[in-house]
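K.L.:
Here is what each chain is made of, one letter per residue.
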Amino acid sequence: MADWLAWLASKKTNKSASAAKDRLKLVLINDRTDLTPAELESMKNELLQVISRYIEIDSNAVRIDMTQEGRQQRLLADIPIRAASRKAR
Amino acid sequence: MSATVVTVTSGKGGVGKTTTTANLAVALAAGGQKVVCIDGDIGLRNLDVILGLENRIVYDLVDVVEGRCRLKQAMIRDKRLQELYLIPAAQTRDKNAVSPSDMVRLTDDLREEFDWVLIDSPAGIERGFRNSVAPADTVLVVTNPEVSAVRDADRIIGLIESEEKGPARLILNRVNYEMVKRGDMLTSDDVLELLAVELIGIVPEDDHVIMSSNRGQPVALDPKTRAGTAFQNIARRLRGEDVPFMNLEVKEDIFQKLSRLIRPGGN
Ligand SMILES: Nc1ncnc2c1ncn2[C@@H]1O[C@H](COP(=O)(O)OP(=O)(O)O)[C@@H](O)[C@H]1O
Ligand SMILES: [Mg+2]
Chain A
1 MADWLAWLAS
11 KKTNKSASAA
21 KDRLKLVLIN
31 DRTDLTPAEL
41 ESMKNELLQV
51 ISRYIEIDSN
61 AVRIDMTQEG
71 RQQRLLADIP
81 IRAASRKAR
Chain B
90 MSATVVTVTS
100 GKGGVGKTTT
110 TANLAVALAA
120 GGQKVVCIDG
130 DIGLRNLDVI
140 LGLENRIVYD
150 LVDVVEGRCR
160 LKQAMIRDKR
170 LQELYLIPAA
180 QTRDKNAVSP
190 SDMVRLTDDL
200 REEFDWVLID
210 SPAGIERGFR
220 NSVAPADTVL
230 VVTNPEVSAV
240 RDADRIIGLI
250 ESEEKGPARL
260 ILNRVNYEMV
270 KRGDMLTSDD
280 VLELLAVELI
290 GIVPEDDHVI
300 MSSNRGQPVA
310 LDPKTRAGTA
320 FQNIARRLRG
330 EDVPFMNLEV
340 KEDIFQKLSR
350 LIRPGGN
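Top to bottom, those sequences are chains A and B.
Take 1 as the starting number for the first sequence in the numbering used here and just add one per residue.
Take 90 as the starting number for the second sequence in the numbering used here and just add one per residue.
In short, the hints are calculated from the structure, not lab data.
Beta carbons are placed, not taken as given, at the ideal position from N, Cα and C, and that holds for glycine.
Fair warning: there could be bad hints in the mix.
As the list claims (entries may be wrong) - Simulated coverage check for chain A against chain B, where a stretch passes if three residues somewhere in it have a Cβ under 8 angstroms from a Cβ of chain B: (1) 47 to 61; (2) 67 to 81.
Stated by the list, open to error - Straight line, CA to CA, 27 angstroms or less: simulated BS3-like cross-link-like pairs of lysine-lysine: (3) B/K270 / A/K15; (4) A/K25 / B/K270; (5) A/K21 / B/K123; (6) B/K254 / A/K25; (7) B/K184 / B/K254; (8) B/K313 / B/K123.
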């Protein structure tokens, strides 16, 4: 029953208003940070490169997201670190 | 008496600034307030026709600033509402004829005699935006539920913040409830989530807006219309009243509502 209703509600997400909202979210991030999507992507990659130089990270589980708190943009990084195997030097 | 100076602006053009200014002026004046509105859109004067006062213009804003007339001489008194005045924009003059400090001086003179000074601003990136925002105590940003208008609203809200005139308050104009119900128009919740500002009003798309501007009789003079009521409500909120948003401003449809009831916290 609840699934059926959820399905009906989810049909809405194909509608143009959700497309508008999703696209606007990204556009506003770009406008507010003055970063293009490509620059944002290469910033994330460089960030990970620098971190990996010091610690071993689980690159598949990395999440770096731009979030909004009020009108403030925030870069949130969640970077799981692999247990140190105490590499012999 | 010490007026509150309210500037009505937007990022994108044509979203309803002049309509909003005229209707808030009328609604406030009908509520017994003393109101003067200033058309800040030099070269593209419009507030006069929307208010139906275009035939009575003798002097304009630039004449006042350049000392060709006294402030009182440029103020046109409305005949329907005794406490409503308009200072028209110059139609032919150079936009640079007025500076932000001219506007501050002018509004300071008006503050003593009025409850409200409303300024109809040109859209955000144009010269004249800064003139209109400089004297503001509070800035209202008008937008429509469309991608380009929302995007431009975000930029202008940022600009208002950086001019230290924030936080701006939002008017969402031309909401088409049929489209919202179909899922083909951003809801007010969507827009608020994206822009993260305070909402002061939602105005429906309403044919009466154009019909009343055809006649030079702002729609707020007729509170039987949906747009008229919406503008009246914004005027009351400006005066500090806590007016709930109208019923037709509800955006959730039955399926969303049901699924939220069944799965609280969902959707
Ligand atoms: N709520 C509304 N419903 C229908 N038409 C509207 C509404 N608000 C504005 N309009 C129309 O949109 C057009 C632009 O409005 P206007 O107030 O001149 O915008 P701006 O001053 O921002 O350029 C006008 O033709 C006006 O009649
Ligand atoms: Mg206008």
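K.L.:
State for each hint whether it applies.
P.N.:
For each hint, the structure was consulted:
{"no.": "1", "hint": "47 to 61", "result": "violated (count 0)"}
{"no.": "2", "hint": "67 to 81", "result": "holds (count 3)"}
{"no.": "3", "hint": "B/K270 / A/K15", "result": "holds, 11 angstroms"}
{"no.": "4", "hint": "A/K25 / B/K270", "result": "holds, 21 angstroms"}
{"no.": "5", "hint": "A/K21 / B/K123", "result": "violated, 41 angstroms"}
{"no.": "6", "hint": "B/K254 / A/K25", "result": "holds, 25 angstroms"}
{"no.": "7", "hint": "B/K184 / B/K254", "result": "holds, 22 angstroms"}
{"no.": "8", "hint": "B/K313 / B/K123", "result": "holds, 23 angstroms"}
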